[in-house]
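*Asks:* Letter by letter, the chains look like this.
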Amino acid sequence: MPNHIVVLSEEIANKIAAGEVVERPASIVKELVENAIDAGAGDIRVELEKGGTASIAVIDNGSGIDHEDVAFAFERHATSKIRSFEDIYRVTSLGFRGEALPSIASVARVELLTRRPEDLSGTRAVVEGGVIKEIAPAGCSAGTQIRVTKILENVPARRKFLKTESTEQSLCLDVIVRLALVHPEIRFKVTAAGREIFSAPEAKDISARIAFVMGADFSDHALSVAADQEGVALSGFVSRPEFTRSNSKSIFLFVNKRFIRDSGVSHAILSAYRRIIEPRRFPAAVLFMEISPGDVDVNVHPAKMEVRFKDSRAVHDLVSKTVAGSLACRETAAGGFVYRLAPREGQTFSPVFRKDRDASADFAGLYSRRNLEQAISQDLLSRSQVAEAPVTAGSGYGDKQQITFNNYQYLGQFAGTYLIFAGGNGFMLIDQHAAHERILFEKLKKSSAEKVASQSLLLPEVVSLSPGELALFSGCIDFLQEIGLAVEIFGRDAVVVKALPAILPQTESREIISDIVDELAEQNKISDLKERKEKILAALACRAAVKANHVLTAEEVMALCRDLAETPGNATCPHGRPVIVNFSVSEIERMFKRK
Amino acid sequence: MEIKINRNTFLDGIQKTLGIVEKKTTMPILNNILLTGEVGKLKIVATDREISLISYYDAEVAEKGEITLSAKKLYEMVREIQGEVINFTKINNIVKISCQRAVYKIPGLPADDFPSISDDSDVKFYNISGSVIKDLITKTSFAMATDEMRKNLNGVLLEDGSDGNNCFFRMVATDGHRLALAKGEASEIFQEITKGVIVPRKGLMEIKKIIDENENVGIGMHKNMLILRTENTVLKVSLVDADYPDYKRVIPAEKGIGVVLEKEPFLHALKRMNVVSSERYSGVILSFSTGKMTLNSTNLDVGEAMEEIDIKYSGDDLDVGFNVNYLIDAISVINGDSILFEVGQGLKPSVIKPADNDNFLCIIMPLKI
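Which chain is which? The protein sequence lines are W and A, in order. Residue 263 in our numbering sits at position 263 of the first sequence, and the numbers go up by one each step. Residue 302 in our numbering sits at position 302 of the second sequence, and the numbers go up by one each step.
Hints may be right or wrong, so weigh each one.
[Unchecked claim] Listed next, with one range per pair, are the computed distances between beta-carbon atoms:
no., chain 1, residue 1, chain 2, residue 2, range
1, W, Ser266, A, Met205, 39 to 45 angstroms
2, W, Glu482, A, Glu308, 31 to 37 angstroms
3, W, Glu196, A, Gly303, 49 to 55 angstroms
4, A, Gly303, W, Gly194, 53 to 59 angstroms
5, W, Asp220, A, Asn93, 44 to 50 angstroms
6, W, Glu531, A, Asp337, 53 to 59 angstroms
7, A, Ile257, W, Ala54, 52 to 58 angstroms
[Said to hold, decoys possible] Here's a subset of chain A near chain W, in silico, CB distances under 8 angstroms, partners left out:
no., residue
8, Arg178
9, Met365
10, Leu367
These aren't lab readings, by the way, just hints derived from the structure by calculation. Glycine included, every Cβ here is placed at the ideal spot set by N, Cα and C.
Go ahead and model the full structure; you've got the sequences and the hints to work with.
*Replies:* Now the structure itself:
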């Protein structure tokens, strides 16, 4: 009988362990740049080739490594940062596990050149596949230069899961941006294929750095946040309610200068914005939390992206209250008014009806059967009370015109969002936004295959982007041109929009661009060109489609029905949410216990 | 408080406030108008805190006093009253409105709670004719942006455009796709607005509605408000606190190819093109060739429209696409029979203006089809 259980060789064990630390080029960048910061560098340069999938170089002017210690540096759990287990509860440096260099070295070729400022000569070391190939004295400038090549070459399984070069590059940049946000005293410079893509000069303080990194749009719309309570100090900036993003990627949270993701704290931030910004929109925020190292466990995961708070409830409350406080006392004069959520003019629902609409807003976006039943029954209940007023305020309804869709007759609009139709077999609700989104999406798809009309702008609009976003964006400029969105790269951190697709009504360029970028950034796997195009079209369609809480006139409903009937795939919106929900007579009869 | 007032005068006065009073508000008193009996006059005040209207009407005031009442209800009541003279009396906070044998009683809110309207006693007023103001608004307001996010474009720029010889006002509106600019005569230099102010959409529409063409209007600035004063009315509009884009930069320095067109035939041809262009975007291609212009609009779902117009043109053949509605908007507001169309080549902007004067121009960006 052969042995079923064998002890793994050191090489395999290292590779497995490396898997936790080195997932992709961005993780290598993170470990190396953190090491450079821990080494007290004042100037860090990062050079990426092919988005970091071919080679990564990190060059700093920090303290360097002693010749004697170089060999140790490549050994697992060799660290200069802690001495005993208790120390990890006192760590103030970014790294401490002693896993970074050996892990990287086990899955790539690492070339290290280092010299302490006080030494005359430096050291050159080459490690490949976890084996030290060379350690020799060498001349070099003070500090450490690490060049990593053959990345993940001996782990084909992982290499296969890398995304496109531009996505990997943007992930690398994300990592550097996060570190740059907390270290204003350090100069950062990133080049990709020899071209400078990110450069942050030394900043006099953290807010200057934030303004530089997050861009002018954010700093124009930022509110400062500050609190100090029970050993937790919170500071930073959050966006005003009118500045929103379509995902939570612009929420940066730092605990003791370390970027982390924490669902609890994110929830706390979002809950402060609840009811202030539209559902499914997210604020931007840069928050720093200083908390005694004893009250937070950073040793949860090798990538140190997660932490555990001793009292997570208290942290949640502090964040939520502080952010809400800042939002509440914002000066409204400087455009901080929440006009997006302001109810539209001209709505003449009776007060009773409007009250119900507010209640129904709670489950806008949730499509569980129960909620809908509630909404329907509320609608029907209130209908009897407003019998003298037609459900729809739209002008022209009540003419002889009959609006029908699939032989269902249009009754009216509910909650400014859903169109109600009744027919022989029951009734149905159409989500006007989802329906219009699908129509526009199909039209855009059609027009991208044919000639397209593009409205030039009288005042070209400059939209600022972060370097990572710009990297994602630059890949699809040609396609945008094809669908009539003429965009040019404008310097290192902005694009200028020169023309919009004529099919879209007047939409704001800034929002279109940020939606496209968010949509691109959300990709979970390598996506081909077609998929990327569809994402862009979906973003455009969503932005241009008629919004919820918008009263439609009879003519608009009629046009919508006609277009919807002709549109393929009209059961769902491009994001997959339903457009139409049906209620059969028998279902309704069951609700009333008639059956 | 006891007043006798002519029914039609009263109805007219209340009606003018309906556009201003808030329909939905957390401050119920803003749904109301303030009525004050003064010597020989009834003063009616309406405000939504951005726009305020103060107007005076002749009335027999037997006893002075003041009260606020719901503008909408009061309007509906007075509208249904038959007869010439309305008696208006207030006892405590209940107002009795009677005419012939009909009597309404309506509870009001005390006048002290009504927001105070800032004083304008030391404002310098400049004279302008009502027709000039209305003309400026008509000629520019169509080009304002409709999306609420861009506050600065969701209104018009009003500035003093006087040069050494003539005094005039300039009004500019743009939505980023086109820009309309109109000039109107003034009597003297309006010092306070030489840098320009932005009048918001709602305020602009109220001005257009309330100012009468035959009136002489005094116009002045007070803090961040534009004040328009006629014999019986004062309208105060809060201005948008934002920067207006530098519109002068947008006006093309080099002129396009100038074509003189007859207004009505061109306008009607465009309207015929508009029938086939799609609802969401409305493209028309203008093709210029020797002696004629061809208009063409194609929509895959509907069909095609084509029309030829004889013009004086002798240059190279030229094709330009436009949003047909932008052309219609610009041409409709031109007075006079002929227009000058300066067609930009490539993707350069085109300019439409009256053939015989410089009082209006509309810059339109082309549609790349």
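*Asks:* Each hint needs a verdict: does it hold in this structure or not?
*Replies:* We went through each hint and held it up to the structure:
Range check, W/Ser266 to A/Met205: Cβ separation about 44 angstroms, and the 39 to 45 angstroms hint holds. A hinted range of 31 to 37 angstroms holds for the C-beta pair W/Glu482 and A/Glu308, which are about 32 angstroms apart. The hinted range of 49 to 55 angstroms is satisfied by W/Glu196 and A/Gly303, whose Cβ atoms lie roughly 53 angstroms apart. In this structure the hint that A/Gly303 and W/Gly194 lie 53 to 59 angstroms apart at CB holds, the actual value being about 54 angstroms.
Checked against the given bound of 44 to 50 angstroms, the beta carbons of W/Asp220 and A/Asn93, roughly 47 angstroms apart, stay inside it. For the hinted restraint 53 to 59 angstroms between W/Glu531 and A/Asp337, the CB-CB distance of approximately 56 angstroms keeps it satisfied. A hinted range of 52 to 58 angstroms holds for the C-beta pair A/Ile257 and W/Ala54, which are about 53 angstroms apart. Taken as an interface hint, A/Arg178 checks out: its beta carbon lies about 6 angstroms from the nearest beta carbon of chain W, inside 8 angstroms.
Interface hint status for A/Met365: upheld, as the beta-carbon distance to the closest one in chain W is roughly 4 angstroms, under 8 angstroms. Given the 8 angstroms rule on beta carbons, the hint for A/Leu367 holds: about 5 angstroms separates it from the nearest Cβ of chain W.
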